[in-house]
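Engineer: With the hints as your guide, set chain B onto chain A.
Number of protein chains: 2
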Amino acid sequence: MTETRWIYSFDEGTRDDRELLGGKGAGLAEMTRMGLPVPPGFTVTTAACRAYLEAGEVLPDGLWDEVLRQLRRVEKGMERRFGDPEHPLLVSVRSGAKFSMPGMMNTVLNLGLNEKSVRGLARASGDERFAHDAHRRLIQMYGDVVYGVPSRRFEEVLEESRERCGAAADSELPVEELQELGRRFREIVQEEAGRPVPEDPEEQLRGAVEAVFASWNIKRARDYREHHGIPHDLGTAANVQAMVFGNSGPDSASGVVFTRNPATGAKELYGEFLPNAQGEDVVAGIRTPRPIRELRDDFPEAYRELEDVCRTLDGHYREMQDIEFTVERGRLWILQTRAGKRTSKAAVVIASDMVEEGLIDERTAVLRVTPAQVEVLLHPRFEGRAEEQAADQGELVARGLGASPGAAVGRAVFDADTAEAWGKEGERVILVRPETTPDDVHGFLQATGVLTQRGGMTSHAAIVSRGLGIPAVVGCEAIRVDSKARTFTADGIRIKEGDFLSVDGASGKVYRGELPLALPSLEDEEELLNLLLWADQHRKLGVRANADTPRDAARARFFGAEGIGLCRTEHMFLAEDRLPAVRRMILARNSEERARALQELLPFQREDFEGVFREMDGLPVIVRLIDPPLHEFLPDRDELVAQVSHLRAQDGGGDELAEREALLEAVDRMTETNPMLGLRGVRLGLLHPEIVEMQVRAIMEAASGLVREGLDPHPEIMIPLVAVSEELRRVRERLEATARSVQEEWGVEVPYRLGTMIELPRACLVARDLAEDAEFFSFGTNDLTQMTYGISRDDAEGRFLAHYVDEGVMPANPFWSLDREGVGELMRVALERGREARADLEVGVCGEHGGDPDSIEFAHELGLDYVSCSPYRIPVARLAAAHAALGAVERDI
Amino acid sequence: MTETRWIYSFDEGTRDDRELLGGKGAGLAEMTRMGLPVPPGFTVTTAACRAYLEAGEVLPDGLWDEVLRQLRRVEKGMERRFGDPEHPLLVSVRSGAKFSMPGMMNTVLNLGLNEKSVRGLARASGDERFAHDAHRRLIQMYGDVVYGVPSRRFEEVLEESRERCGAAADSELPVEELQELGRRFREIVQEEAGRPVPEDPEEQLRGAVEAVFASWNIKRARDYREHHGIPHDLGTAANVQAMVFGNSGPDSASGVVFTRNPATGAKELYGEFLPNAQGEDVVAGIRTPRPIRELRDDFPEAYRELEDVCRTLDGHYREMQDIEFTVERGRLWILQTRAGKRTSKAAVVIASDMVEEGLIDERTAVLRVTPAQVEVLLHPRFEGRAEEQAADQGELVARGLGASPGAAVGRAVFDADTAEAWGKEGERVILVRPETTPDDVHGFLQATGVLTQRGGMTSHAAIVSRGLGIPAVVGCEAIRVDSKARTFTADGIRIKEGDFLSVDGASGKVYRGELPLALPSLEDEEELLNLLLWADQHRKLGVRANADTPRDAARARFFGAEGIGLCRTEHMFLAEDRLPAVRRMILARNSEERARALQELLPFQREDFEGVFREMDGLPVIVRLIDPPLHEFLPDRDELVAQVSHLRAQDGGGDELAEREALLEAVDRMTETNPMLGLRGVRLGLLHPEIVEMQVRAIMEAASGLVREGLDPHPEIMIPLVAVSEELRRVRERLEATARSVQEEWGVEVPYRLGTMIELPRACLVARDLAEDAEFFSFGTNDLTQMTYGISRDDAEGRFLAHYVDEGVMPANPFWSLDREGVGELMRVALERGREARADLEVGVCGEHGGDPDSIEFAHELGLDYVSCSPYRIPVARLAAAHAALGAVERDI
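Each protein sequence line maps, in turn, to chains A and B. Residue 1136 is where the first sequence starts when you use this note's numbering, and the numbers rise one by one after that. Residue 1136 is where the second sequence starts when you use this note's numbering, and the numbers rise one by one after that.
Extracted from the complex, chain A is given alone in its bound form (with noise of 0.2 Å):
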């Protein structure tokens, strides 16, 4: 097909000619050229539609004349002749564009009826009923497709029908009242359009083709490809086809079928018919349609024909299709094939089995994954449609931030004690607080889900959350929590302790009562892990988790990370065992004091890092230093006054009351105004180097002592919040004499490195001389763009972020899909200038972008060596990581 043609007819185009025939034509001249039985038609062009939007809306020279040739060669085909007032072939006119665009554009029925062909129609189909409902649809169609008429319009009159003669569905409606309606309809778009339906049929079929033209450019349409990025310059196919009726009698039926289950991916046929119907009656839902398998009895002949065309197309196209079916006089007619849509699961399933079956190679099995399908197999999530069902029943308490991935299920406690409390007895309990601090992390780990009314995504909840994989809701604004009373409320309703919620930490959602849950085991995922596996040959970019403790390490490696690219220090100080001698250190009035705490501190971080290396063992292990300000470390503010005034009511307060006062004034001392941009980091590292020393020796301590014990331990140590070149080497100094001690104490040799963080703006910047100190760079890419954007994630998200984006001002929240064109130039500049001055250095993403595919497809572009994310996401990120290395695009058009 090189030269320029308006019309292409079924039998002669292919799957290929998408461009040119629309996906809808070109499925339809596939299934032609296989011989599968299509009633016939042909397409005019999307090159048509061009050209026909191009001259103002004129059809071009010659493109009628070929259609009426066309035309006649359908007449042909089904041997009948298109406005015969004796036995009327009747056509579709549908539209279909390159992609499709589901609902977007128009289609227009039953044309070639009119006042005379109807009754031909009638006698001709021993149908009267039949063949005024097909007129009366033409009309309605016609006038709002064509015409413009509110849809309202004929609505209104049809409703008034049916109340009159008592019917419940128009198919109730008796002949003369089908009658009267084609009547009705005829004065409305007559009222509205001041024009009728033509009579002439060739005029009914020009209107038509140029009313699907035209509808490329409406409004809606318009803004579906804006939303979905298709270019506006492609124009839409019209496919005339003549009508085949699954409504002729009992003798016919009309179904949709699967060529495998799109729930389950099993390899059986799956769908529904409606016997004495057509294909819009299966969809609206008004008759019950019945199982596919059922088809076999009633229509013998026609389902053993299905069964082939379905085997033929899933082979055929290599992938499960979703096909509409007619059976007109118990004959077979198939009207359109198309790739199903499926359940994660199934989208497993299948590509691994047609893995197996030889229909594809892996790549292409890999490719038919997206992540996204991924992730939702990998969180409990709640049963079926049991979300809907309560959100019908009126249980959708609240919307939050969705902080931590998963579906929850226990009874609402309003304080950490109640929580390790219940928790301990085997009770599954939700923490709900206002916002938590240090002191709740012990209810955390007994509690099943979390909810809290403030906060962002990054605040103590939702960190605390992720960390320990529980399903948490964060920033809830809609609900207002009474701690004292023990309850809180929402548009009306009212939780009070004990009561039952579900919350699911991905959308956000918070339901009263409990719903059931669907627990996924990636054990069970034989077909999953094949897949990944697959992936893993493609992928360029290295896979490794952000995991705090031994028990997420172990589960990141049985995901397949490749080592820890975040070891996060800060949450082994918020244990309840070390929180005092935390406090002690931070509280210290002198060295010796802080020297005392911390060494109480230094077996507990040396037993942390110990489970972690052991369970990498032969696997790099990056530790962050100490990144958050002392303060978060304490209690918060409002407790301490509140126990402070407590105390000093009673007659003599005693120790606690000087201890908390002593608290308190830390408190006041250290707040700061704007803490993600105070004293916290490598800031702290200068400040106070004993920490961070007493952090390295704990580090190069645990490690020493596996190098002895025979096993490999890497650890890396990484330094936080870089912003001048000096701040990096002054601490590398120390640090490196610190690990060098430790290692002659020990007598052995650790392979460890130094490296830093690169999450501020300068630091990209200056990259080209922290990569003098640093063997290894990770972008904290949450910080990155926070401090790029200017904006507070914890302060942002709840407040205008999601409007920004509701309204387009951003096209995507920039904390989980990364931003390309500022904190993604930034990285650029960072990677060249730091391997201009250090060719190996080794460069990876940590934080929640590392788990996000877009951007695990900018790391692949970038050239970065690895991406880092939560164990849980592992899974997704090595199919990201392979798609992006194949190229996939992700979108979903």
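Since the list gives no way to pick out one identical chain from another, each pair is judged satisfied if it fits inside one copy or across any two copies.
With a Cα cut of at most 20 Å, we get these calculated EDC-like pairs of lysine to aspartate or glutamate: (1) K1402 / D1496; (2) K1476 / D1488; (3) K1619 / E1796; (4) K1619 / E1800; (5) K1619 / D1803; (6) K1619 / D1771; (7) K1480 / E1403; (8) K1631 / E1612; (9) K1476 / E1407; (10) K1675 / E1977; (11) K1402 / D1659; (12) K1211 / E1463; (13) K1619 / D1634; (14) K1354 / D1279.
Note that these hints are calculated values from the structure, not bench results. Here the structure is a predicted model, which means the values were calculated and not measured.
Structural biologist: Below, chain B without anything else, positioned relative to chain A:
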């Protein structure tokens, strides 16, 4: 002088040979060449020093022979012989590098004395004390400088001697004691160095020259060069010069004279002398020197000659000289001349006078005064040595951050109401608070100074003080304010209400008591005004003011501002009469309430802008739309909590309770973890467009009114905190619509522009897009620095930034002096990209950096259009901009 020679006689060099001969050597050579009475001598060059050091501390071949040859010439000139036991020539060896490094390197005097010649000197001078004192000084200096004997060893012995003899000063020691001292000193040298001071004069000389060369690399010299940016490879010269003695009897004297008055700049000799004394004695301050005019009485001949010398040198160098002289037995000798240090006042007067005298041109005059000197002239300050004396008396209470320069004296008050009440009664008051909030602003208006315990350079107290031009010390963590007791304590000192305090808002020092003030007034500084006009002819950068009120605008215009670069509108919201309406706006429960509150604010804003535009008639005024988070306009949370609990305790707090509760609820709802990165700037404008629409309406109505009056206002509307081009695009559309409708309503045309602040790293990167919607950019370098470094100035300055600068982690505080490497690169990128999209884009800097000379130099180099700074710094900026254009190096070396 093209060939390489190691040595130059004083009569061979000129002032231009500083590189080779060092500053001192070049000065001595120049004076010798001019025929002034300089004791003969010669300079061993810096090249010799370099050769000596490179060779591992070995003098180059032939050098020593040349020294001895030159020595013979000196002997001839002085008619004495070096080492002659009867009539010995004594010489000094003094270091002197290209750049002055005062006190950093070494000097040895009285070389040529030994056991024998000391007796000859005694006889020849007829003064045994003098001879033995000279000898013990030689031993002491030689031991110290050449052998490195700790000088305290000598000092201890000297101390014992003085005690034993009951002598208050060395000059009171009897001859016998001086002889004994010489003996003891020789013993010390032998003990410590293991060898004696050489008896051979030539060996002495050689040791001294080598010691001077070697002193180039001692630690304090290296540190000094590091600090002042002087290269390490220059080397020092060694000047060998015949000694003359001002302590040769009553017809001898030593002194220092300035060719002009270094305090006032007046054209008169200024200085002091001591009869029968050596140069060191004048400096040492043991005897009180006499004013130089009295020299005329005692030494009329020498005085006349000195007057001639001063006139000659002042005219010759075209610069005020600081001259050391000695009269030996009635004969005047000049030992050194160099440019004299002077007060700021004197610098300006001298530069101006010299232009009048035809000595220098205007360009040179401009370069002779540093921006820092101009700055000092513009703020009230404490008189003369008042601070020193107060500190000596233990009245220095504490030191905080100097947040708003100038000195202030007043009585301590501890709340805004008292400040207002006392201030209105005419009392000068210093408002002392733990920290301040908008509720305190009425107190600021009546205060002469502000002192806070907490907060940084951009805390509320700091910003409001700078805005009002009130001296302020903030973040004074050493004090503990007890607002209830109305006292504060620091370091054992307790200040109560009504006690006098004196605060220096530049140095951050706080004194108890009333220090005397010197009040400058630019109106009287005719010379300065002239100098600034000369500066204006050379600078390329425009200079605008940051001014929020008509008063500031008027002052700015008087100081030479060419427009307003930043008019902040939020300060208008903080005024006491608007705050209630502002709060009603914030607390509004619906858009009607909000509209009503905004309607109340509109006339206030209009009036504010009208006043500013009127003052700046004909000049551009950039108005920044509201920037800070709205919660900044709400009261302090702790105070609200206290008020609420107090009102609750009273039976039925009524309306007031309800209002306070509503405020508290709003504060809690709106409080942000990191407000700097929160809901502010353009984000507010997008979420609450009605606020910025009101502001634009006020701006345009004010300007329209003035246009009707026949004036020429140039409002420029600036959108803050833009990160994404879509933010600017959307807000711009709304604001332009408002601007259009106001002009239509008023039937006038107002020339206005719309631009954006560039203060986020991302804005710099997407500047090309932003420039499509912005007619001007203004760099908000304060926020840009905060984001680029990830440092909150408020939190950092008192906590770790000072430490960083002290320890050299950062070369300077990036909030004072613009970081060219990081922030500067982002600015360069923004400028380039912005001008790509819009060639005539106007780009300036507003914020603190706009008044910093080093940052102004950078702005000039970048090619910005203007800088904008506080009114008081405008003269500084005008001069600094001229210096930048003239390529002056600001380093004071």
